[in-house]
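Participant: Below, each chain spelled out in residue letters.
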Amino acid sequence: MKAWILLSAFNIFVGGVAYAAPSVDMDYVHAVKSGGDTTIMIKGESIRAFRNPATNLTEEEIARHLTGDALFERNFSDDASRFDHGLGPVFNNTSCNACHSKDGRGALPVILPGQEWVQLRQNESIFLRISIEDGIQRPKTAENHWGAPVAVPGFSDQLFHLGSMGVRKDLPGAGQAQVWMKYEKSTFTYPDGTAVQLRKPVFKITAAYDEYFDSVTGETKSRLYEKDVKTSPRMGTPMIGLGLLEAIKESDILALAARDLSAEGVKGTVNWVFDIEKAMANDPYPVSMGRFGLKNNTPSVLHQSLGALRGDIGVTNYAFPMESIFGTALFESFVQDPKAPAPLEASDQVANDLVFYSQTLAVPSRRNVTEAEVVRGAQIFHQVSCTSCHQPSFVTGPHKIAAFSNQKIYPYTDMLLHDMGEGLADGRQDFDANGRQWKTRPLWGMGHTHTINPRAGFLHDGRARTVEEAILWHGGEGEYSKNKFVNLPKADRSALIQFIRSL
Amino acid sequence: MKALKLMAAALAFVGATAQAATNQEIINHVSYNVILATYNDLASQAANLNAAVNTLAANPTEANLAKAQDAWRATRIPWESSEAFLFGPVDSLGIDPLLDTWPLNILDLDSVLKSNRAITTDFVRALGTNLQGFHTIEYLLFGDGKSANTKPASALTAKQFEYLKATTALLAENTAYLANSWSKNYDPENPSAPGYVQVISNPGFDNPFYSSDRAVMEEFVQGMMGILDEVANGKMSDPMGADINSANMALVESPFSWNSLNDFTNNIRSVYSIYTGHYRSTKGPGVKALVERVDAALAARVEGEILNCMQLIQAIRPAGGGDFGQAIFTPDGRARAQKAIDALNALHATMENEVLPTLDM
Numbered sequence: 001m002k003a004w005i006l007l008s009a010f011n012i013f014v015g016g017v018a019y020a021a022p023s024v025d026m027d028y029v030h031a032v033k034s035g036g037d038t039t040i041m042i043k044g045e046s047i048r049a050f051r052n053p054a055t056n057l058t059e060e061e062i063a064r065h066l067t068g069d070a071l072f073e074r075n076f077s078d079d080a081s082r083f084d085h086g087l088g089p090v091f092n093n094t095s096c097n098a099c100h101s102k103d104g105r106g107a108l109p110v111i112l113p114g115q116e117w118v119q120l121r122q123n124e125s126i127f128l129r130i131s132i133e134d135g136i137q138r139p140k141t142a143e144n145h146w147g148a149p150v151a152v153p154g155f156s157d158q159l160f161h162l163g164s165m166g167v168r169k170d171l172p173g174a175g176q177a178q179v180w181m182k183y184e185k186s187t188f189t190y191p192d193g194t195a196v197q198l199r200k201p202v203f204k205i206t207a208a209y210d211e212y213f214d215s216v217t218g219e220t221k222s223r224l225y226e227k228d229v230k231t232s233p234r235m236g237t238p239m240i241g242l243g244l245l246e247a248i249k250e251s252d253i254l255a256l257a258a259r260d261l262s263a264e265g266v267k268g269t270v271n272w273v274f275d276i277e278k279a280m281a282n283d284p285y286p287v288s289m290g291r292f293g294l295k296n297n298t299p300s301v302l303h304q305s306l307g308a309l310r311g312d313i314g315v316t317n318y319a320f321p322m323e324s325i326f327g328t329a330l331f332e333s334f335v336q337d338p339k340a341p342a343p344l345e346a347s348d349q350v351a352n353d354l355v356f357y358s359q360t361l362a363v364p365s366r367r368n369v370t371e372a373e374v375v376r377g378a379q380i381f382h383q384v385s386c387t388s389c390h391q392p393s394f395v396t397g398p399h400k401i402a403a404f405s406n407q408k409i410y411p412y413t414d415m416l417l418h419d420m421g422e423g424l425a426d427g428r429q430d431f432d433a434n435g436r437q438w439k440t441r442p443l444w445g446m447g448h449t450h451t452i453n454p455r456a457g458f459l460h461d462g463r464a465r466t467v468e469e470a471i472l473w474h475g476g477e478g479e480y481s482k483n484k485f486v487n488l489p490k491a492d493r494s495a496l497i498q499f500i501r502s503l
Numbered sequence: 001m002k003a004l005k006l007m008a009a010a011l012a013f014v015g016a017t018a019q020a021a022t023n024q025e026i027i028n029h030v031s032y033n034v035i036l037a038t039y040n041d042l043a044s045q046a047a048n049l050n051a052a053v054n055t056l057a058a059n060p061t062e063a064n065l066a067k068a069q070d071a072w073r074a075t076r077i078p079w080e081s082s083e084a085f086l087f088g089p090v091d092s093l094g095i096d097p098l099l100d101t102w103p104l105n106i107l108d109l110d111s112v113l114k115s116n117r118a119i120t121t122d123f124v125r126a127l128g129t130n131l132q133g134f135h136t137i138e139y140l141l142f143g144d145g146k147s148a149n150t151k152p153a154s155a156l157t158a159k160q161f162e163y164l165k166a167t168t169a170l171l172a173e174n175t176a177y178l179a180n181s182w183s184k185n186y187d188p189e190n191p192s193a194p195g196y197v198q199v200i201s202n203p204g205f206d207n208p209f210y211s212s213d214r215a216v217m218e219e220f221v222q223g224m225m226g227i228l229d230e231v232a233n234g235k236m237s238d239p240m241g242a243d244i245n246s247a248n249m250a251l252v253e254s255p256f257s258w259n260s261l262n263d264f265t266n267n268i269r270s271v272y273s274i275y276t277g278h279y280r281s282t283k284g285p286g287v288k289a290l291v292e293r294v295d296a297a298l299a300a301r302v303e304g305e306i307l308n309c310m311q312l313i314q315a316i317r318p319a320g321g322g323d324f325g326q327a328i329f330t331p332d333g334r335a336r337a338q339k340a341i342d343a344l345n346a347l348h349a350t351m352e353n354e355v356l357p358t359l360d361m
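Heads up: the protein sequence lines correspond to chains A and B, in order. Start counting the first sequence at 1; every next residue gets the next number (the UniProt record's numbering). Start counting the second sequence at 1; every next residue gets the next number (the UniProt record's numbering).
Hint data in this document are derived by calculation from the structure and do not stem from the laboratory. Among the hints, erroneous ones may be present.
[What the hints assert, rightly or not] With a cut-off of at most 30 Å between alpha-carbon atoms, the simulated DSS-like pairs for lysine-lysine come out as follows:
id, chain 1, residue 1, chain 2, residue 2
1, A, 182, B, 184
2, B, 114, A, 169
3, A, 339, B, 114
So here's chain A without its partners, still in its complex pose (with noise of 0.2 Å):
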């Protein structure tokens, strides 16, 4: 192994607490388990690579994994007298499995040859989140949703572009408004002349339920077109090994914040975020440290799928018992009697069968881990420093699953946020992450992607068709690995991404 095996462990203090920052162990080059003992052992290529319950769950925690996969693939119907009642009134799509595709990644509406901008219909794995922003922020109170972006007058913290028949009597099957879509393409050149063509989607907002024509001025209004309404994209994303990144130990995660990777221009943050479980018992601050979602917005997989699944597909449940739209315009017009209480959607089974299934998804193997230009590659993945957020490895701490805790793991993020420069930047505030902040994702499974879903996207808004393209995106915290690869040769890019694509 090589000799530059450096960053030490070393004692940090943080609020008079010492952690042991964790050092990179470069035995990431040749581990071929990703998830310990949980991995699923894949040596080839198929679609079916993400879709495997951990390996050491126990038979009956295997059964219960198998009933939440089905409940996943479920389509929700708007009809109350069927079994499968619950979708809407608005919602972004109607299972779960219509964003996370095979449990892997989405992809971008195709733009047909002729056409400028596509319309957002159902069957898309991407959605927006807006909010109202001022730039200030401000303590976590309850009033604040503890420190919660700031829902839009009317509408949610999220965009529902898709709606129950009759939610909007002037477009059957529309939601809050319509979404659009388009690209803005350019072209980065590597210093030895090599071209490699960007695209960036922007989305434009049209039909909003609560449009109008203002006279005065000749415009059309909408609380949503204002200009203090922010928006921010977000692809759905791999399933694989959730329950092990739960597991990781929050001093591990502190450690890693409290390094000094100054001299790289690094410094990952976390995002201390509400956290419904608290709330549900009661908790007097309920604020936990951010682990999920693309700005570490949700801190457990309970929290994170239960939000979605009210969110997204519109399914009220014993965390998120209220519909999202609930108290707006849109809603009273709706329902019959906007006040009166509902009874939940998803049972209590139903909810929890979701959130385990969401949780022990197997983290394939790695494969080719011998191969000299893997091995080369892993090596210049620590050389230039990608190792710095995309922490190789971890030894995960207990889970109430038991086959998760005390795990040697490979995921390949630092759990933390980091400013990723303003080609990514969205501007929009959530929690503690800002506008230019983003979560390191995992890396374990990379080499599945497009066997999966040929046409998946890397990053929030799905935008890097190549694992390449996403590394060309990464500014800000980022620049400095990134202007390492881009002065790299060319064979030891691709022997970087060979590495990637062993993961």
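With the hints as your guide, set chain B onto chain A.
Facilitator: Only chain B this time, still in chain A's reference frame:
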């Protein structure tokens, strides 16, 4: 260069008779003569269905309704016979949900049909996936399927004809798009992208999806395993419930036309096609040829198990009429269904434990 290699492989197969087929011959045959052929059939049957519906709308006779119903069943065959290979554009272009989302949203469909709105293809396109595709057409052509699987032509309203014309036109458009993605261009945003058939039949280092012929073979085997599991433990087990009292008609696929057992059989026929290389009148090497190189007895046994599963599924059909949706409400029918499920699960285990390992021998 690639084209030459491909031609050489195709020619080599013509010459190969008794000799064992190579991996490349198997991959070529399955990709072109099974998968691509199935999608081409699907597109042409869907165009026929659209034409039959237009004829029915212009002249709503019982005979024309029967022809449209036959055309629906005929379109269903290649689609259900494609379910062992739900990889590639059918998924990446989001086509599967547009064709075959079930259950249908009858509540919303009825509300659209009651409205005064003009129903066009673009109108239906903007509606949910559970308001278009096979099962919407099925409901309109066959009725609710509760006591019978057909309805008189006189029961079809002008509004239903409008909806049928729009949604069958969309089905034809989407299936043509799918066939084109396999034959000519798998990514419409990149005009230089070839048909997916060329991608999957040319695995290798530069192939972004399949780095080796082993990977493609695994995709074939995993595809077969996927639909075996789906039929046994989803399509059949979910509506059956834990016992006769929890059986649920609302979970049955194709309940209006009473076509479920044919659907399931064709799902397993797609396993047979990938495995043997036989599709309609075409014969050629499939995955079986690969297994044969390692274990001839296993290769033959698996083929027998596949055929047995298809027979056991057909045997579920109630003697007094009806389909899967009726069978699951009788103890006899449930016992026959359970036998089929057990055989499907056993075949799945054979694929996983015995066929998959042959890829590494």
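Participant: Residue 339 of chain A and residue 114 of chain B: Cα distance at most 30 Å?
Facilitator: Holds. Residue 339 of chain A to residue 114 of chain B sits at ~29 Å (cutoff 30 Å).
Participant: For a C-alpha distance cap of 30 Å, please report whether residue 114 of chain B and residue 169 of chain A respect it.
Facilitator: 13 Å, holds
Participant: Does residue 184 of chain B sit within 30 Å of residue 182 of chain A, going by the straight-line distance between their CA atoms?
Facilitator: 24 Å, holds
Going down the numbered hints, you'll see the structure goes against none, and every one checks out.
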